[in-house]
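**Q** Chain residues, written in single-letter form:
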Amino acid sequence: MSKTGNIDLPRPLSIEETYAQRPRRWWLYTLIVLIVTLLLTWSASGVNYNGVTVKGSEVARGIATGLTHPDWDLLLGRIKEDTSVTKILGITVSTEGVPYLLFQTIAIAFLGTLIGGILAIPFSFLASDRIMPKWIARIFSLVILLIRTIPSLVWALVWIRVTGPNAFCGVVTQSVCSIGMISKMYITAIEDLDVRILESLDAAGCTGFQKVRCGILPQIIPNYISTVIYRFDINMKDATTLGIVGAGGIGAPLIQCITSSRWSMVGAYLFGMVLLMLVIEWLSTRIRNRLTRG
Amino acid sequence: MKKKAVTEYRVPLFDRIFKPQTIRLPNGHTVQRPRSRMPLIGACLVAMVWLSIWLTGFDLGIIARRGHQFVVILSQIFSPDIFNIQEATFTKFGLEPGAVNLLSVFDGRWWEALWYTMSHSFAPKVFDPLWDTLRMSILGSFIGATLALPLAVAASTNINRNKATVSIIRLLLNILRTLPTLVIAKIFALIFGLGTFAGTLAILVFTLGVICKMMYESIETIDMGAFEAMESFGATKFQGFWSASMKQILPTYLSYSLYALEMNVRAASILGYVGAGGLGLLIDERIGWRDYNGLGTVLLMLFILVVSIESLSRFLRKKLS
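Going down the list, the sequences are from chains U and C.
Under this note's numbering, the first residue of the first sequence is numbered 1, with each subsequent residue one higher.
Under this note's numbering, the first residue of the second sequence is numbered 1001, with each subsequent residue one higher.
Chain U extracted, bound-state conformation:
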């Protein structure tokens, strides 16, 4: 404690004496080790290794060959006679090719994050106990917790019953799921607000609108945008996962190809996906760094 800093100690201890007096909490360490060991044995008892399956080595080899020999036609979205196509801005593109699917994944994540970010604003104000009465804040915090805990896959499976298995389902699911995390971050931003600025603006004779425009928004907006971009990062990865249950994007064809052992196609999808994710992560980190540094 810093309180004792002013009191003169009778004699400064030598290094050996200080070392001898170091806190020795061996019983705590033993307890921790014991608990961890118990937990690990309990966990390991339920996870049993049954060896590689009959198809296992074949699958491993298949993935290796797929990654070294990806299907270039698919990766570049070349159009052949039997590919389904669509027209965008006058250009014909193949709807099975990697570029189209990646753009669709980006679109799902983009719209989902945007709508989620907008929906999160009222949620975060309602759940922050600095603005709302305590009981209302409590209720909305619980709702946010519920949204965060239910896995996005479950949300997607429920929404599929409403919208049918398409990319729109992915958008709706991500809009709902994003609310949880984004409003949690927004709430911290609201609670970290420096209200003294408002007082000084008051003293300068600002109107209510001017106070919000010059006192609150400049504090909150970089935080908001940074959160939304971070969530976009997460949603990009999530959109692939949601595709697996049929909510559009690159996930569904990827999993189908894995199940039906078309490894060169798997290679093409994985290549495209990893490349896109790396680029997006790099970009989002750059933008967020610029935002925090101002």
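Quick caveat, the hints were computed from the structure, so don't treat them as lab data.
This one's a predicted model, so the numbers in the text were calculated from it and none came from an experiment.
A virtual CB, placed ideally from N, CA and C, is assigned to each residue, including glycine.
None of the hints are false.
Calculated cross-link-like contacts (lysine to aspartate or glutamate; reagent style EDC-like; alpha-carbon spacing at most 16 Å): (1) U:Lys211 to U:Asp194; (2) C:Lys1213 to U:Glu281; (3) C:Lys1125 to C:Glu1285; (4) C:Lys1125 to C:Asp1284; (5) C:Lys1125 to C:Asp1291; (6) U:Lys184 to C:Glu1310.
Quick look at which bits of chain C chain U covers, simulated, 3 or more residues with Cβ under 8 Å: (7) 1046-1052; (8) 1061-1070; (9) 1189-1196; (10) 1266-1276; (11) 1300-1313.
Put chain C on the given structure of chain U with help from the hints.
**A** Same frame as chain U, but now just chain C:
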């Protein structure tokens, strides 16, 4: 190495196209005010939204027409069948089936009725997969976190001065993190057979990527004084790191590991969807059978597990910092 003596200020492209506005102040000075970038950003956003709507087939009309379906499903999920007294319970206690769904009709035996309902609901079937989920996440997090530490040290620029190995390790870690857990789990399930082993491996890989990233970032911010002192005594890099830097990063490392465990419980719950053990299979099955009350029970128990793990880990992390 050549160093640039003075870096010149380069006018951004935007300001060269749209010349800044010149304002003449009352005292005769002129100041330049760059044009607002908002219209450009706004136009880009609108274009992206338009393109995205086209690509995803966004249609609010579907929500307007069929949105009530979602409310129906949601209301069923929020009445999980452990609390939903069924006909069987009424018959068992000699009451008219379909009597008022209130515990008071059972008089003094309401707790018996509740117990009967719970034990005949979906809840007892949830426990095994629930524990499997917890087991996979504990084991995966532990092994993943243990493997992550040496890798993170090897990937941090202040300890490993070899630029080539650092960038190779970082690239591999980045690739590892970009692969969705469900895809990894699917591949492992094909190789090692359906079950919890594949799930544990998938969790392990995911944890490895996440903790490594967070750790090398925090290792790079530690105070290198002690480490350098150890190195000047003639200690090897490992000895130096172990006795000088380990103490500094240990609390961060432990709290990241606990955080990863929190995330993993949530992630592990869906791995069963591709056959990697845990709750996922059950969730998929309940939705397939449109048994949303049963789904509600599964989700409620998952919720309790996640919240208790989260509060435990939050408590421990608070102790650590």
